[in-house]
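Chemist: Sequence:
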Amino acid sequence: MEERYDFQRVEAKWQKVWEETSLYRVEEGGKRPKYYVLEMFPYPSGDLHMGHVRNYSIGDVVARYKVMRGYNVLHPMGWDAFGLPAENAAIRHGIHPATWTERNIANMRRQLRAMGFSYDWTREVTTCLPEYYRWTQWLFLLLFKNGLAYKKKAAVNWCPSCQTVLANEQVVGGLCERCESIVEKRELEQWFFRITAYAERLLEGLERLPGWPEKVKVMQENWIGKSHGVEVTFLAPDGTAVPVFTTRPDTLYGVTYLVLAPEHPLVERLVAGRPQAEAVREFIRRARQMSTADRTAAEREKEGLFTGAYARHPLTGEPVPLWVANYVLLEYGTGAVMGVPAHDQRDYEFARAYGLPIRVVIRPPEAGLEADTLAAAYEGDGIMVHSGPFDGLPNREGGERITAHLEEKGLGRRQVNYRLRDWLISRQRYWGAPIPIVYCPRCGTVPVPEGQLPVLLPQDVAFKPSGESPLQSCREFLETTCPQCGAPARRESDTMDTFVCSSWYFLRYTSPRQEDRPFDAQRVNYWMAVDQYIGGVEHAILHLMYARFFTKVLYDLGLVGVDEPFTNLLTQGMVLKDGSKMSKSRGNVVSPEEIMRQYGADTARLFILFAAPPEKDLEWSDAGVEGCHRFLNRVWRLVGSLRRELLEVKAEDAAVRAADRELRRLLHQTIKRVTEDIEERFNFNTAISALMELVNGLYRYRDDIPAADRHRGLLKEAVEKLVILLAPFVPHLSEELWHLLGHTTSVHRESWPAYDETALVTEEVEVVVQINGRVRDRLRLPVGLSHERAREAALAQERVQQWVAGRRVAKVVWVPDKLINSVVQ
RNA sequence: GCCGGAGUGGCGGAACUGGCAGACGCAACGGACUUAAAAUCCGUUGGGCCGCAAGGCCCGUGCGGGUUCGAUCCCCGCCUCCGGCACCA
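Letter 650 of the first sequence, counting from 1, is numbered 651 in the working numbering, and no numbers are missing.
Among the hints, erroneous ones may be present.
With a Cα cut of at most 27 Å, we get these calculated DSS-like pairs of lysine-lysine [unchecked claim]: (1) LYS227 with LYS152; (2) LYS14 with LYS578; (3) LYS722 with LYS216; (4) LYS722 with LYS14; (5) LYS152 with LYS186; (6) LYS722 with LYS218; (7) LYS303 with LYS227; (8) LYS186 with LYS227.
Here are the in silico distance ranges between beta carbons for each label pair [said to hold, decoys possible]: (9) GLY559 with LYS227: 21 to 31 Å; (10) ARG587 with GLN290: 35 to 45 Å; (11) ALA99 with GLU677: 46 to 56 Å; (12) LYS227 with GLU767: 27 to 37 Å; (13) GLY807 with ARG638: 53 to 63 Å.
Hints were generated in silico from the structure; no laboratory data involved.
Just so it is clear, the structure is predicted and the values come from calculations on it, not from any experiment.
Quick reminder that beta carbons are idealized off the backbone N, C-alpha and C, glycines included.
Can you make the complete structure from the sequences, with help from the hints?
Modeler: If you want it as structure tokens, here you go:
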């Protein structure tokens, strides 16, 4: 054996062998229980980055570990291959998006193989291939047929730089999630998926996901934003009903005005013919022009205008002025709100700015509240005042009563509202799955029949510098015939949001070459749900909610047997360098390929697993990588130095001495720790440190005990089990060592070692001796001592005597085999 | 503002159910081997103090309090950082 291990040779050698022997190929069925490990598939940007390496190293440990635990493990990989960068490359460098994507995939596939991940590559899935997007289109049609895909004209988010519309989820603080341009509002007719129909199910389902991080569940909960309230109807004198939504019916008597969103359809009717009409119309025009960013800007000056109209208060009959204001959103609730300045901070600010009256109707406990001196709205609980027959009631109860009263009189009804909006899936771009719809002058909107799928992207198109989709001017694509009547018709030129493609890829992996269906029912039900899903937290809302939505729809339609796709979710932290995220602009990118070249894949994997627990951010450290590499060499030399000795071992039962027992205990303790660290908490960093300690222990044993005196059988067990325990983390080195130890089958086919409880027990333990909770001494005591005996032993100690001298021992606390604490005086 | 999460040596991080704070690794320093270097191996390494030494004492897990024989861990109040949401009525 060489002095240093030649990682380049070893890694290349085993990657080849694994591939030739199809080591990672999986089939459905068999006696072993199934286990589906999935890592979020990458966008083929060109090169693997450290985030990928981390994500996939974590997944690979889980996959290999589960195989060794006797599971039939599905561990696939694929490509989220549609998307804007490919199109931008086409515009800038004149490469066709398909070519660009193919090249990137080839390169990244090579890099993934070089990392030694245990994927079943026969199941590889690529979303931009017709054999895949055909089924994305099929699923679109399925949603369409079930009323879950529809087209509507709406004010939508438009990114001027990406030249396309965006879903709500893709607008972050008024900026485009991708390019951070300011997003504009545009009135456009677009395709939507009716995800709001599943709002309640998506919310309720979270409760059945104990294996998800609380953080992600809370984020989704907030995004769905359920709130209970009452829809109250105010009537204008001309009979126009102005419904408002409120969660505070208890403050109904405090209403001093109503506000409508500028875009509210009733506004025109209310102002028509009034002196205010022109001013209001101008106000609406200005509000419309404002970008989302402006409207959500930090200062957010509340602006509004009186319409001249009044409505009648449903309980008091008093006239209430109707306003329009920019702080009311058309999309939420009824697009109109009641203004209660005394008990809502926004209303308070608006009322103060425009001199509207303030009426206190909730009195805080033990304090007065005067409208004139009010410095801010009082939003807490209290006793109702100035509320007619409801005076004196606690506000919660009063709210209930008012609601009941309104319902009785037909003036309002209980209502549940969600913040979640329908998912806008149209994209005005080329590199995506075409929406399979044809517009016929006679038949209208016609779905492309299933038999005619896929609607292929035309290959030969010209990419314009403006970014405008070439599909919009591609006659061969646009011009078609109506599938219903055969008349000339026009194809939909928009493509689907790439999140549609990634909303079902985990189903396709179960039967990736299925030609007549998106997936095979039997196979999908064998593998689903994904037992462990791993990816970045940036998808907490977007991808993870869309995928849940798709799964629920398919479940309802009987296509899959589960309604939650991912049973357990692990969101891994970012990889940082010098305290911030690696990025080209910061110039702090560490290339995985470079690390592999210098240290090998095993070192890269080991470091990234060792440096931090998976869910935390990880600070890249060249010195740390160096240290991991050193450790692997240390393992190599250990095995190298003992190999001859171990190869000759026959069944041998030497006398077991203290050092042997010590080694045996260390070994089994390590098995226990590594197993529990992986199994219970995915704490690979502590699992690895346990393995380091085992290696240190083996060195000590080797150096302290002369070769002739070593218990070779035990030593062999320890070294072999060490190699097996290392296998999920550093698969190449482990495989090489395994074979050097005389084995001819793969270490990755070995069973995970079990630990022997009896090996863990010791006769003696070190017990901490405390006086008043402070450590004063240590004591070696036999295991399982009684309180009485331990107390005697402790008090007999000279050091304890010194501390106790002349004082009364009030109490002695005995934590068996760990600690004895005497409380004195 | 609201909702999450986190603050531990020079650094990354450990500490299981309230029981030895700092495992493991990095860095640093000292030493061995070497003509030299690399590699490797051994030792020291939270701070302060007492002691020739063996050894011992005090302080220490963001800050201030509390509960407890005993708190990194539980409770109350604050500070800082990170993430999410942000006129959602």
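Chemist: Of the hints stated earlier, which fail here?
Modeler: 2, 3, 6, 12
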